[in-house]
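Undergrad: Chains as they are written, first to last, in the numbering used here: chain E, 1 to 112; chain F, 1001 to 1112; chain R, 2001 to 2112; chain Y, 3001 to 3443; chain H, 4001 to 4443; chain W, 5001 to 5443.
Because the hints were derived from the structure by calculation, they are not lab data.
The model shown is predicted, which means the values in this text are computed figures rather than measured ones.
Here a beta-carbon is modelled for each residue, glycine too, at the ideal position from N, C-alpha and C.
Among the clues, some could well be false.
As the list claims (entries may be wrong) - To list a few chain F residues with every Cβ distance to chain H over 12 Å, as calculated:
1) Ala1019
2) Thr1021
3) Ile1023
4) Ser1038
5) His1042
6) Thr1043
7) Glu1044
8) Glu1062
9) Ser1066
10) Ala1067
11) Thr1083
12) Ser1097
13) Glu1106
14) Glu1109
15) Asp1110
To be verified - Listed below are the simulated DSSO-like cross-link pairs for lysine-lysine, each with C-alpha atoms no more than 30 Å apart in a straight line:
16) Y/Lys3304 to F/Lys1034
17) E/Lys34 to R/Lys2085
18) W/Lys5411 to W/Lys5228
Claimed, not checked - Under 8 Å between C-beta atoms, here's a sample of chain H residues computed to sit facing chain W:
19) Pro4027
20) Phe4035
21) Arg4067
22) Gly4227
23) Tyr4229
24) Gly4232
25) Asn4284
26) Met4285
27) Ala4288
28) Val4292
29) Leu4295
30) Ile4300
31) Met4301
32) Lys4304
33) Pro4349
34) Thr4429
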Amino acid sequence: MKLVIAAIKPFKLEEVREALTSIGVRGMMVTEIKGFGSQSGHTEIYRGAEYAVNFVPKVKLEIVVSASMADQVVETIATTAKTDKIGDGKIFVLDVSSALRVRTGETNEDAI
Amino acid sequence: MKLVIAAIKPFKLEEVREALTSIGVRGMMVTEIKGFGSQSGHTEIYRGAEYAVNFVPKVKLEIVVSASMADQVVETIATTAKTDKIGDGKIFVLDVSSALRVRTGETNEDAI
Amino acid sequence: MKLVIAAIKPFKLEEVREALTSIGVRGMMVTEIKGFGSQSGHTEIYRGAEYAVNFVPKVKLEIVVSASMADQVVETIATTAKTDKIGDGKIFVLDVSSALRVRTGETNEDAI
Amino acid sequence: MKLTKLIPVVGLAVALPTLALAQDDAPATVAADEFVWIMNSLLFLIGGFLVFFMAAGFAMLEGGLVRSKNVTMQMTKNVALFSLAAIFYWLIGYNLMYPLGDWAIEGYFSALFPAVGVLEPVGVALADADDSSYASTGSDYIFQLMFCAATASIVSGALAERIKLWPFLIFVCILTGFIYPLTASWQWGGGWLSEAGFSDFAGSTVVHACGAAAALAGAIILGPRLGKYKDGVVHPMPGSNLALATLGMFILWLGWFGFNGGSQLAMGSVGDIADVSRIFSNTNMAAASGAVAALILTQIMYGKVDLTMVLNGALAGLVSITAEPLAPTLFGALWIGAIGGVIVVFTVPFLDKIKIDDVVGAIPVHGFAGVWGTIAVIFYGDASIGTQLLGIVAIVGTTFVLSLIVWIILKGVMGIRVSEEAELEGLDTTELGMEAYPDFSKG
Amino acid sequence: MKLTKLIPVVGLAVALPTLALAQDDAPATVAADEFVWIMNSLLFLIGGFLVFFMAAGFAMLEGGLVRSKNVTMQMTKNVALFSLAAIFYWLIGYNLMYPLGDWAIEGYFSALFPAVGVLEPVGVALADADDSSYASTGSDYIFQLMFCAATASIVSGALAERIKLWPFLIFVCILTGFIYPLTASWQWGGGWLSEAGFSDFAGSTVVHACGAAAALAGAIILGPRLGKYKDGVVHPMPGSNLALATLGMFILWLGWFGFNGGSQLAMGSVGDIADVSRIFSNTNMAAASGAVAALILTQIMYGKVDLTMVLNGALAGLVSITAEPLAPTLFGALWIGAIGGVIVVFTVPFLDKIKIDDVVGAIPVHGFAGVWGTIAVIFYGDASIGTQLLGIVAIVGTTFVLSLIVWIILKGVMGIRVSEEAELEGLDTTELGMEAYPDFSKG
Amino acid sequence: MKLTKLIPVVGLAVALPTLALAQDDAPATVAADEFVWIMNSLLFLIGGFLVFFMAAGFAMLEGGLVRSKNVTMQMTKNVALFSLAAIFYWLIGYNLMYPLGDWAIEGYFSALFPAVGVLEPVGVALADADDSSYASTGSDYIFQLMFCAATASIVSGALAERIKLWPFLIFVCILTGFIYPLTASWQWGGGWLSEAGFSDFAGSTVVHACGAAAALAGAIILGPRLGKYKDGVVHPMPGSNLALATLGMFILWLGWFGFNGGSQLAMGSVGDIADVSRIFSNTNMAAASGAVAALILTQIMYGKVDLTMVLNGALAGLVSITAEPLAPTLFGALWIGAIGGVIVVFTVPFLDKIKIDDVVGAIPVHGFAGVWGTIAVIFYGDASIGTQLLGIVAIVGTTFVLSLIVWIILKGVMGIRVSEEAELEGLDTTELGMEAYPDFSKG
Ligand SMILES: Nc1ncnc2c1ncn2[C@@H]1O[C@H](COP(=O)(O)OP(=O)(O)O)[C@@H](O)[C@H]1O
Ligand SMILES: Nc1ncnc2c1ncn2[C@@H]1O[C@H](COP(=O)(O)OP(=O)(O)O)[C@@H](O)[C@H]1O
Ligand SMILES: Nc1ncnc2c1ncn2[C@@H]1O[C@H](COP(=O)(O)OP(=O)(O)O)[C@@H](O)[C@H]1O
């Protein structure tokens, strides 16, 4: 199995969730994060003092899927989250050695 | 070493922490997340408009343990977090290639 | 590529970010977490009742870097986040099998 | 004694002459006309600061019902709109609203337009007062100003989360400087509507439905928030802070005692203070019954109580009783307010059905309940359904049309809506570059 | 002059006859009895809106001291309880509380039960007033109502985070419609307690300890929150928003000026307004010393100041001085309030020790400090310790027993506690389906 | 009638004698001197509770402008400072401030030092009143106390997020018990400044600049927050809750009606109530124009509106008009307030430039705008620029020097700054062991 981690723009969350559901993703973990990246660094003024905004609000998705599905999931997120503007986000894939559904005790593929 | 990631119901956090401490887990990272899964989708009414609640509040635990302890940790979480109700959560295990304790510089097994 | 996960003290965030930028890290995900570890357990009094504070506020950094840079990143975080006080934090390294930049479609090394 | 600030000495000096009026053998007494004038002015001052506080109530209610990414903007709008209303009502509105019988177009348009508001001189004597049988101009001014500002607050709630700051503020200037004062002059300025016998004690229509009409026009031109009605379904966008919204409702309820009670315009006689007391009691009862009606109704209809509807229900009850808070019995206030509460529960979803996006329910609360309250006058006050409808149509219609024109012009000239991206990311970071709750940690 | 709203013309008309009373050669003057009546009514109106605002204070205090998963519910309860109190006090309570000497059971039970409250007619003349030497019925009504509602607010705080909405609201109706008015009639209705010489100026016992007794009965029947006393240890459940709680305390403090000041029931004479001034000063001093006492004591006892205790301390100081805010010197108010502050610091943990879970400290603040304040009357007012204890036992005892019965019945008939799961997940999502702070981002 | 609380019977009894004064053939009338005294006292009571509420306004404004890790501490400081001010102003300040012509050092130092404040006896008659031509001592006391407390609130905002609790509170005791009353006695106690003809109606300098001077001294000794000026650049530390800050500003605005209006010190005559009305109108206008000035200026200068500056702008407008809220026309109030708004927009960054870290902008708002307002008196009031500058220098200078000494001593004796670690982690967890927003979930 694979763990797909994606950092996207917050307002894209709902759209991405729908797209993923439509391709059969049945679960994910969503976290509110602050992102640092090329988008960062634009300056704002607060009470007359200019400062660089290094962290921008992002949403992080963590989705565990079967290895076979990983690419499709990545692709789906990529296409849905894309606005062609800087800060669209990144997607990373990691290996997962095991999974378990607490309620049923099902493991691995059956658990996700 | 292994990274155990678990999404559980928020009110189970304290109980799970105690159980884990009792089996010798000495550290973890806890994050407030919104979970999407089979539990999701029930509808609520807001100002007369029905809508589907897709994300439910969950708590995510991230625990790095020695490979040998991983199964016990997973099992402990599973048994403690279990309510037999939908939405109990999932547990995933990933490989960790190295660990470091900032304060002491200890590494790997000694660091966790 | 490697995913470096670090739990540090919140007020060290800015310093660490600067240090990482200076060594060429161009992105990261920052999450507010509650940490449990050796630092935990000190007692506070709330309305006359003593209780143990098990979770202390921490900040979690997740940084994907090329394998070659991983050690340097870990080291940089370690030296910058260090206060020699308990609760300084931990750093973990995991393998990343693939990366993608949503905006450009660049993959792996080019994406991070 | 305490030798305190120098002013009082002056102040007391001013007081002396009047006492001299009394005969020498008897102790100096208080002249009745001065007493009435003083008490009436005091009523306006107390009413004035109570209604002023409603500006904070609107701000908190709206701040709690928008999403947190738009809170800084909503706060900015609320502070700015009140401030601009204060300036434009002085600059134009006050004299446009009160022609003092001096009309450019008899009963329709004040001849005192444009002219700035002027207060009585320092330490004025009753003989030199603008109106020796009423109250000080300053107290009347501050009281009336607060009503004017309320209309703008109503608009800001309805158009939240998508309208640009400056076009909105320009509209506020026009609404508070011109539109509201104009239509209000027809009734409270002694114009044709008051001649026609229209009855609207504290402004269910003159103030509230007027604000709602301006908001409705804006909502139509502005359009709903992105995604609110995607694929023909209503997608709720829950308010970010219901504690704040509840605080706002309570503050508005508090302010309403001044809003309605002060509208008795007199408390210098037994009859007047007793009437103000009746008004306080009825106002409170209508708010309570409005809330309870929404409480019970949402429980029955949705199976769960909807706090946001209960808050709207209380406000709708208040708006409903505003047209006639004096005449009804407490029971009258109860059912009039309750119907107001019922109205919001049905009209909030109704507006969604016709795809008019009113973020805080301002149009149901101030518009529909305002119309209801104005009609309800016929049950206890002496007003005919005909003239009541006439007044509603005249004021709501005129305000709606004028507002519509202004909104269309603003849209054409400078655009009134933020960019799609700004709306999605939130107005706070995009338009103002300042988050309302920037910390990682809560707050 | 400004031809403003039509009402004033009527209003002023009412004023004229009274002026006619004066001789023709002298300028019309103000009749003393009318002046007193007007000023007394005004005191009630000002006191009324100040005490009304306490409803918001309780809501914010409680909203800040519960966990965020229960905030929507706490807001709902606070809005609903005030609204229902307003209805049931009118429906039954007011006449039950004020028999006007017309008793079914002499000194114990009003003969005016059940009967709805009725206001004086519009534009009433002094001769036709319900009480020509007191104040307008409407002003008295609105003022007394606010006291009644306060008792219910006290209950909602203590039973937060676990009680079901509707059973709680049913209890509120009974408490505000029947229990409080009954026991209050014994003292303020001219019943047997007042005959016995019990002294409780603004209600340390009649209002506050009464509310606390009802809360205590509820807390016992309801039981503590899950896990609060797990394994015999107290597990604190910290409040979610201390800024909100602090705001609530300040609002309550503000309202208390009306609560105690208005209880002078008169300001139409030099002596009365001077007394109201004394009351304001003493009330403020007691709140301050209560807060300082808790500030210092928590620093000494815990090594750290506990803000929640300081907030409770200020409120305890206020409750303590409420039984006699007039007679004490400022120094008296200081030490009486300070002892109130000390009391909460000790009784909050005490309640935990006996496993009574009072979420916001309502029982220590309103109950223990209320009893203390009532006893403290003997130091400055003229009251005997005996009658004071008699009054405390009578009112607290009766309220406790009656409430206990109601709670037990409610528990048996419909259950008063939410399901274990609902309590753990939080009442907002489970009972109301609405989070108070739903956004990802703060707020 | 309603046989209500026993007190009124007493109360009314007190009223009777005075009525007896009137001749028998005519109806009893109200004696003018009693009427004036009653109305003046009422003005102080109303002004008193309005200004009291400013304590909540300061707390919310500051709580919203600090980071959430310091909110519990900021709340604690605000509740504690007001409470301690109430005690020390009674203990020392009141008599030090009002020597009643009884000086130890003529015009400079009261002979009534140290002596505690004493109120008039219960039910006092006019003949026995401390000042039969002014108002009740209790009402004057509560009103003056609120002004004193305001100076301490100003300090708490400027020194937030780094000062230790107890040293701060000790300073508050000295400021409210000694420093402010001393300098204020020179003007409002009938001292040398008032003799010299200095004019400061409600205290732009006597109260606001005084508080700002104390804050400035503290800010200098305390030093900026860690990292605020790292590497010579200003590192903003955004406030954690702008909705709360906005609420605070609105509450302050509300309180200012009492602050300035009450400072007329009389409303028992037509001239006085008309003046209070003027003051209300001017105060409101100045706040509005201050806000609008900041609104427009930040838009022009930064390209984006800065809400925190708009909030400061409104407050600066209020401070600016405080020295002379009566004499100016509405237009005068507009431009005087607007300049106040402009001043903050420029002085907030200016303070940062000279590395003085004022967390909430208290020094620009109360100091710079206060000085401006005091100078602006010359345009409408009758005051010479010379005496105005003399007064400013005397009060600001003295306060600054005395405060500086106290701060230095406190720093030497006990240290005034929390540890570096405590500051970085936040004062809530380190100093108080209590988070303001502890929940995972929002709130
Ligand atoms: N190396 C990285 N490791 C972890 N997260 C990253 C990394 N680079 C970027 N991100 C995340 O992706 C988000 C978008 O990346 P950014 O560089 O800002 O835009 P873009 O991908 O369009 O260049 C960042 O806000 C951050 O959360
Ligand atoms: N494939 C997945 N990847 C990541 N997290 C998941 C996945 N499936 C479920 N989860 C997490 O587990 C939680 C519980 O899963 P859910 O399907 O709702 O209940 P159950 O496990 O009882 O069927 C979800 O809220 C989500 O946070
Ligand atoms: N085994 C672990 N797995 C995951 N996170 C951990 C682990 N141990 C510690 N941490 C994180 O590191 C933080 C610091 O660790 P802690 O033990 O408190 O201090 P120290 O590292 O100085 O002993 C903890 O708060 C927690 O967030």
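Undergrad: All hints are to be evaluated individually against the structure, with a verdict given for each.
TA: Checked hints:
1. Ala1019: holds, 15 Å
2. Thr1021: For threonine 1021 of chain F, whose nearest Cβ neighbour in chain H is about 15 Å away, the distance exceeds 12 Å, so it holds.
3. Ile1023: holds, 19 Å
4. Ser1038: holds, 17 Å
5. His1042: At about 9 Å from chain H, histidine 1042 of chain F fails to clear the 12 Å cut-off, so the statement is violated.
6. Thr1043: violated, 9 Å
7. Glu1044: violated, 4 Å
8. Glu1062: Holds, because the least Cβ-Cβ distance between glutamate 1062 of chain F and chain H comes to about 19 Å, which exceeds 12 Å.
9. Ser1066: holds, 31 Å
10. Ala1067: holds, 34 Å
11. Thr1083: Nearest chain H Cβ is 8 Å from threonine 1083 of chain F, so the label is violated.
12. Ser1097: holds, 32 Å
13. Glu1106: holds, 33 Å
14. Glu1109: Answer for glutamate 1109 of chain F: holds, closest chain H Cβ roughly 33 Å.
15. Asp1110: holds, 34 Å
16. Y/Lys3304 to F/Lys1034: holds, 23 Å
17. E/Lys34 to R/Lys2085: Measuring from Cα to Cα gives roughly 26 Å; hence the hint holds.
18. W/Lys5411 to W/Lys5228: The hint holds at about 21 Å.
19. Pro4027: With Cβ-Cβ at 11 Å, over 8 Å, it is violated.
20. Phe4035: With Cβ-Cβ at 5 Å, under 8 Å, it holds.
21. Arg4067: holds, 6 Å
22. Gly4227: violated, 16 Å
23. Tyr4229: violated, 20 Å
24. Gly4232: violated, 23 Å
25. Asn4284: Cβ of asparagine 4284 of chain H sits 6 Å from chain W, so the hint holds.
26. Met4285: Given a least distance of 6 Å, the restraint on methionine 4285 of chain H holds.
27. Ala4288: Result: holds, 4 Å to nearest chain W Cβ.
28. Val4292: holds, 5 Å
29. Leu4295: Since the shortest Cβ distance to chain W is 5 Å, the answer is holds.
30. Ile4300: Since chain W brings no Cβ nearer than about 12 Å to isoleucine 4300 of chain H, farther than 8 Å, the hint is violated.
31. Met4301: Where the cut-off is 8 Å and the nearest Cβ of chain W is about 13 Å from methionine 4301 of chain H, the hint is violated.
32. Lys4304: holds, 5 Å
33. Pro4349: violated, 16 Å
34. Thr4429: violated, 10 Å
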